[in-house]
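**Student:** Got chain A; can you put chain B on it based on the hints?
Listed below, chain by chain, are the residues.
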Amino acid sequence: MEKELRLMKGNEAVAEAAIRAGVDGYFGYPITPQTEVIEYLMEARPYETTGMVVLQAESEVASINMVYGAAGCGKKVMTSSSSPGISLMQEGISYIAGAELPCLIVNVVRGGPGLGTIQPSQSDYFQSTKGGGHGDYHLIVLAPASVQEMADFVDLSFELAFRYRNPVMMLSDGAIGQMMEKVYLSPFKERSKTVPEWATTGKPPTRERNIITSLDLDPARQEVFNQKLRDKYEEIKEKEVRFEEFQCDDAEYLFVAYGTSARVCQKSVQLAREQGIKAGLLRPITLFPFPEKRIRELADSVKGMLSVEMSNGQMVEDVMLAVNGKVPVYHFGRMGGIVTTPEEVVDSLKSKFIGG
Amino acid sequence: MAVVTGIKGIIKPENLVYQKTRLMTENILSYCPGCGHGTAHRILAELIDEEGLQSDAIGVSPVGCSVFLYNFIDIDWQEAAHGRAPAVATGIKRLFPEKFVFTYQGDGDLAAIGTAETIHACNRGENILIIFVNNGIYGMTGGQMAPTTLPGMRSSTSPFGRDVSIMGNPLKMADIVATLPGSYYVTRQSVHTPANVRKAKKAIKKAIDYQKLKKGTCLVEIVSNCPSGWKMTPVESNKWMAENMFPFYPLGDLKTPEE
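These protein sequence lines are chains A and B, in that order. Each residue of the first sequence is one higher than the one before, starting from 1 at the first, in my numbering. Each residue of the second sequence is one higher than the one before, starting from 1001 at the first, in my numbering.
Pulled out of the complex, with its shape left as it was, chain A reads as follows:
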């Protein structure tokens, strides 16, 4: 079937892609700059066509717990929010990770801390990739850099979420969520008629009861469970790393950037090369798992790396860990809702590595 071409906002693309991916339920709460997701779904009324449930909850705390309940039924369910709302969800996300439930959480990041701004930012990197809530856990984190990827990553997120029984976060930002681009939409997929064997469906006489929980008061058993999670994350690190390279082959300096910053850096690579500086770009598509192996390899062929993020320097720590002192690594980024310009990035590269 041919893909349908449309001009859409990133937030609308997520909503449309969810309907087309056969998502069973969406639970959310309005917050700028992601409110179009639930507005689009309410307008589209998928409950009359595919049967997808759409519900506006009383808070992000409630919506993530509705996701917990529905995900525990083995259904494809999701929520979306923006930074302050995602902070409220952290309790529920920790429980979801602890109960090993698959689901999709979309974060259309805005500047913080606190209420911060409503403009785009990448300041939730730590929260998204290092756990976010209490306890040892990781989300699988996908970072879209276009409206097309916001649409495409819905299906990919559920594929990964169910494969690993792990929550997936799509870490977007206010720029990609709000901007309009052309997007090729996948054909409609039917909602699944079956659920995994661990799902709570009502206990038939043919099986033991299914229990969705993250509680075990026996420390020895809890440690075994923690080890199981660790093994799962190791497997994810082994198999699911995704990234994109842009003019890295002959690069002497490497930008590492994701999402909106990666798009800015593409232009910066071009500007730098026009000035005779051989720059390249590595764009992590998965932030957890992080493309540390590839970055380590590139550390053998470049003179330095610049982590470009709209934050006070968060991903730069992971770049440094990967590089492990082989070459200098610096951070550059604007904050508070300001999107970095390509020229600023080149200037930063020159001042940090070349002088002048």
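By construction, these hints were calculated from the structure, which means they are not laboratory data. Each residue gets a CB set at the ideal place from its N, CA and C atoms; glycine is no exception. All the pointers check out, no bait thrown in.
Reference listing, derived: stretches of chain A covered by chain B, where coverage requires no fewer than 3 residues with Cβ under 8 Å from a Cβ of chain B:
(1) 23 to 37
(2) 49 to 58
(3) 62 to 68
(4) 192 to 202
(5) 207 to 215
**Tutor:** Same frame as chain A, now just chain B:
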């Protein structure tokens, strides 16, 4: 040991007057002697069995003394975060509208940390059953003041009695829920005497039947005791409950459907 053998010899099907309910598991209840939770669990398990709902029931257990409820009744369960059971149940029921979805929550869970989830689930009229066990205290953490602790009542965080001028007033959540358009049946019961156990069971049966109609949320409050938290014997605690809790939380229906 000979005595046990002897009893086994005496127990014949025709002499049997009482046995473990079929849907109660072999796991040992984690409750203190004299606690009302065990009785409340039993009537719930009996009803799920009698109504033929084992394969349709999905329960949501709370955080509190009954956190391990999922170990005690042989149905599918989800364990919710503290106070979030009505939101979790909403997620389940919206995806499985034909299943029997219920929560079982204590007063700290339902009336303090989960107040928003409780009120909004009931106000949306989620077609779920909420069983609310109110013993006026945080039992699991060792007897701290709850949103339902009576004025003047002692707890480990109100050691000189609840002073409402400082600590605020107890909250009557069932009364609040009864005022909401989304609630369908709200009642307050107890399980401290055989007569009350029968009444409570009837009320829960009604609530189970009503939730099949999909006309809104049913809430059954069970005013119960906490001998350990109240620092009384089971008998004393039941007497104290009747004398002090019931005047403040009167038993009976708070909202019944217009039939």
